[in-house]
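Kindly generate the complete structure, drawing on both the sequences and the hints.
There are 2 protein chains.
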Amino acid sequence: MALPRPPVGEGVEVLFKPKGVAVIGASRKPGKVGYMVLYNLKNSYEGPIYPVNPNADEILGLKAYPTIMDVPDPVDLAVVTVPAKMVPDVVDQAGRRGVRAVIVISAGFREVGGEGVELEKRLLEVVRKHGIRMLGPNCLGVYSPSTGINATFLDPEKQGLPGKGPIAFISQSGALGAALLDWLDANQFGISKFISIGNKADIDEADLLAYLRKDPETKSIAMYIEGVAPGEGGRFRRALEETTHEKPVVILKSGRTAAGARAASSHTGSLAGSYQLYETIFKQTGVIPAYDTAQLFEMALALALQPPMLGDRVAIITMGGGSGVMASDNLAEKGLKVVELSPETQAKLRKVLLPIASPRNPVDVTGSATDEHFLESIRIVVESGEVDGIFLIPYLNLASITPELPRKIAALVKEIQQKYRIPFVASVTAGKKTWALAKIMEKEAGIPVYSNEASAARAMWALRQYGKWLQKIGVA
Amino acid sequence: MALPRPPVGEGVEVLFKPKGVAVIGASRKPGKVGYMVLYNLKNSYEGPIYPVNPNADEILGLKAYPTIMDVPDPVDLAVVTVPAKMVPDVVDQAGRRGVRAVIVISAGFREVGGEGVELEKRLLEVVRKHGIRMLGPNCLGVYSPSTGINATFLDPEKQGLPGKGPIAFISQSGALGAALLDWLDANQFGISKFISIGNKADIDEADLLAYLRKDPETKSIAMYIEGVAPGEGGRFRRALEETTHEKPVVILKSGRTAAGARAASSHTGSLAGSYQLYETIFKQTGVIPAYDTAQLFEMALALALQPPMLGDRVAIITMGGGSGVMASDNLAEKGLKVVELSPETQAKLRKVLLPIASPRNPVDVTGSATDEHFLESIRIVVESGEVDGIFLIPYLNLASITPELPRKIAALVKEIQQKYRIPFVASVTAGKKTWALAKIMEKEAGIPVYSNEASAARAMWALRQYGKWLQKIGVA
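Residue numbers (my numbering), protein chains in the order written: chain P, 100 to 575; chain G, 100 to 575.
Heads up, some of the hints might be wrong.
Note that the list lumps identical chains together, so a pair holds whenever it fits in one copy or between two copies.
[Stated by the list, open to error] Within a straight-line C-alpha distance of at most 25 Å, the following computed BS3-like cross-link-like pairs (lysine-lysine) qualify:
hint : residue 1 : residue 2
1    : Lys531    : Lys263
2    : Lys542    : Lys531
3    : Lys346    : Lys513
4    : Lys228    : Lys513
5    : Lys542    : Lys257
6    : Lys450    : Lys567
7    : Lys257    : Lys531
8    : Lys433    : Lys382
9    : Lys228    : Lys257
10   : Lys257    : Lys507
11   : Lys141    : Lys532
12   : Lys532    : Lys128
13   : Lys436    : Lys447
14   : Lys507    : Lys382
15   : Lys532    : Lys507
16   : Lys532    : Lys263
17   : Lys531    : Lys131
18   : Lys436    : Lys162
19   : Lys382    : Lys436
Calculated from the structure, these hints are not laboratory results.
As C-alpha cells, this is what we get:
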C-alpha cells in the first residue's frame, strides 16, 4: 500500500547531508554519467561511497557491489543513473535496503511522453511505497559546496563550478543549470546549494524552499522555473509565502510570452501557464521577479549580503560625474529617490571635500579625491539619517586613491552596519586589476559589487522590494 | 580676425593620423599627465614625437624643446597638458607654428564656472584665429588602435585598453570613458577609435560623426552623451541623420530622469535637456538608444559585425530547451517574432535530427546532438526563407559536440552570408573554457556572442531597428 505524500520539505536534507551514498549504475568508462557522478562524489564527499555495478569489483579505487542490497551501512542516499526502464526496480531495491532518498538522473520519463509517462507513475508509486524521497527523474543532481557533496555528472574538465557562497539555486532546466554554474564560477558568485529538479515527480520547489528556509548556509534563493505542475499552484504559493517571511526569493520565470510558453510546452511538456498568474503570485508572496539570468543572480547576491532597504531614499557617492548621472537615472527609473541632501549635510560635506567636489546628491568627490574624502562622505551621509541606502561608485585606479581604499571602505561599512541597518551596493566599471580590488569590498564587508550602474541599481531595487514586503507583513 | 567655425568634420582626421606630435607640458615625472601622454605616444605612435618643456633637454629618451616654436618638421598635432591659464598662449604658439589641431587635456575651463568660462572663450578665439581644430579642453584625449596612436594619459599599469576592433566610441565623460576602456578590454571588445570630447568647445559630436562616417575601420558608433550644447541640436541631428544612412549609431544618453538631469547639471554644468526631445531625435534619425553601458557596446558589436535585419521573423536553434524558452521570451518582449516553421521545413528538420529533438521553433536539437545536427539545422532554416534572423544557442561543452563546432559554424555562416543577407547572433552562457570556444564564432565569422539570451535578443533587436530605419529611408 502506497504511503501518502510526505509533508512539505520532509526528508529533503538527506540530499545534502547523506550518511553514505550509493551510485546505482556506476560506470568504469570515463565520460559516462555513471562514471562522472562517482568521480565527482569522490572529489567532494567525505562519507562512504558505494558504486553499484554487477560487472565490476572496483571503480575509481572504490569497492563495487552487484546490487544496492549488498552495500554495507551507512547508506541513506542513492544516485541512480541506469536506463529508465530499470529505474523503478533499482529504486525499489534501494527502498528495501533502507535509503531515505534517491536522486534519479536517468532520463526517459514524462518528458518523452507516451510510455515514459507511465514509467514515471510507476516510479513514483515505488517511492511512495517505501516512504522515501526522490529528486528527479531527468535531473542533473545536487551540488552543495556548503555541505561538501557534488552528486552531478558535470565534467570538471569541461566546466567550472562556483565556490561556497550564500545563494541557493534551484533550476528546472538541467542544461541551463549546468551552463549557469559554469558562468557563476567565472563571474565569482558563490552558492550554498544547487538543485536540478528535473521532472520533479516527488521533490518539488515547495519541498526545497521549506528546507532552504531553515538552511543556515543559504541567505537568498534564486530559482529558474518554466512552470508549476497543474494543481500544485497553491502548494507553491504557500511555500513561497512562508519562505519570504524569512529569506528573500528571486525567480526567473520563463515562458512569459506566447512564444516562450509555446517553447516551454515543447521543452518540458508542461504548460507554462499565464505569466500574469505568476506575477500575481510573486506580488502576493514578496517574490522578486528577474527577467534574465544575470539579473537573477545579481539581485540574489545583494539580497544575500545586505539588509533590506526600508525606505526609497538613496545617496550616491561617486568619484566620477558621469557614473553619478547614470546611477541617478537607473535608480529613478526603478522608482528609487535620489533625494537632495539637507543644507546642513551639504555644508558638512563641503567642509571636508575638495572645492571642486559637489556635496549634492550624487555626492561627487571627483577624480582628484583621496581615500579620506570618500570615506568621510560615507560617514556624513549615513549619519545624516536622510537616506535609506547607499550607492557607492569608487574609481579605484585614480592616482590620488590608494589600493587600501576597498579595505578601508569595508571596515567602515562594517562599523556603520553595527549601528545602522542601511544597505550598500557598489558599481565599479573596470577591467581585471581594478575589479579584483573592488571585490575586496564584497569579500570583507558583503558590499555587492557590479560592473555597471544599471545592475547595481537593480540590486538596490531588489533590496527595496524585499524591504517593502517585510514592512507589509509587519516583519521589518 | 577670427576665422569662421570650420565645416562639420573638417580637419578632424589629424587627431588620428598626425604627421608629427608635440606634447606641450611634457613632464619627466612618472605619473604626471604630461609624462603619461608622452609615454603612451611613445608606445603607440610611429611618427616623430616632440616633448615641449623649457626645463628639460630630453624626456623618455626623446629630445625636448623649450617651446613648440623650436620643434622641427613635421608636426601637425599638439597635445596640451599645461595649467589652464597658460593654455591660450601655448595654443597660440602652436597655431603660429603651423599645427593643424590641438588636443587640450588641461582642465579648469567652462566646467569650473566663473573665470574658467572666460578662459575657454579666449581659448576658442585663439583656435579660430588660426583656423585650427581643438579637441577638449578638459578631455582625456584620443586612442586610436586602428591608426596606432594613444594620446591619452591613461596609465597602462593601472588599466587595460581594448584592442583593435570595429566600434568607434565617443564619450562626453572622461572618467567614465576610461573605466569603460578598461571594461571593454577585459570583456574582449575591440574598438577603432576612442574620443573623449570633454567640454567640446570646438570639435563636437557632429564633427566626429562626419569623420567616423567615412572611416573604413569603423563599422558602428557608440556614444555616451549627457547633453548637447544649447543651439547645437540641429547640427547634432543633421550629423546623426547623415551618419545613420551609412553606419549604425547607438547612443547612451544619461540625464534621462529628473534626478539624472539634476546630477548632469552638477557634473558638466550643461543642461541635460528633456529626454523626450532626444528620444524624438533618435527616432527620427535612426539612432538606436541604449540604457546602460553594457547594452551600449553589446548592441554596437552586433551592428558592427552583422547585416541589418530586414524583417521581424527569428529562428532559434538551441541545444537546451530552457535557453530556447528564455530566448523566445526575450525576443518576443522586444517585438520580434519566433514564428512557427512551415510543415515542410519541420519535416526536413525531423529527417536529419534525433527523434527526441523538436523541429519547431525554437529548433531544439537537444543536449545529445552532434555537430552535424546543429549545422544542418542552420542550413535548413536559412534555406527555408521563412525567417529574417538566426539566434544560435550552442552548448559547446556537451559530450556529443566536438571542439571544432565553433569553427564549423563560422565557416557555414560565412558561406551562407555570401548568398543570404541574414544576420546571426549567439548566446552562450558559460565559464572561461567554453566562452573561449564560443568566441571563435565571433572572431572567424563575426557572429556576436553574448553570455545570456537577453543580451543576444537585445542585439538582434538592434539589428532589426537598424534594418527598419534603412528600409524607411529606402536604403535597404
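Structure-based check of each hint:
no., hint, verdict
1, Lys531 - Lys263, "both (22 Å within a copy, 19 Å between copies)"
2, Lys542 - Lys531, "both (16 Å within a copy, 22 Å between copies)"
3, Lys346 - Lys513, "within (21 Å within a copy, 50 Å between copies)"
4, Lys228 - Lys513, "neither (52 Å within a copy, 58 Å between copies)"
5, Lys542 - Lys257, "between (27 Å within a copy, 22 Å between copies)"
6, Lys450 - Lys567, "neither (35 Å within a copy, 54 Å between copies)"
7, Lys257 - Lys531, "both (23 Å within a copy, 10 Å between copies)"
8, Lys433 - Lys382, "both (16 Å within a copy, 24 Å between copies)"
9, Lys228 - Lys257, "neither (39 Å within a copy, 64 Å between copies)"
10, Lys257 - Lys507, "between (38 Å within a copy, 20 Å between copies)"
11, Lys141 - Lys532, "between (35 Å within a copy, 24 Å between copies)"
12, Lys532 - Lys128, "between (42 Å within a copy, 23 Å between copies)"
13, Lys436 - Lys447, "within (21 Å within a copy, 56 Å between copies)"
14, Lys507 - Lys382, "neither (38 Å within a copy, 46 Å between copies)"
15, Lys532 - Lys507, "within (18 Å within a copy, 35 Å between copies)"
16, Lys532 - Lys263, "both (23 Å within a copy, 21 Å between copies)"
17, Lys531 - Lys131, "between (37 Å within a copy, 23 Å between copies)"
18, Lys436 - Lys162, "neither (63 Å within a copy, 55 Å between copies)"
19, Lys382 - Lys436, "within (22 Å within a copy, 29 Å between copies)"
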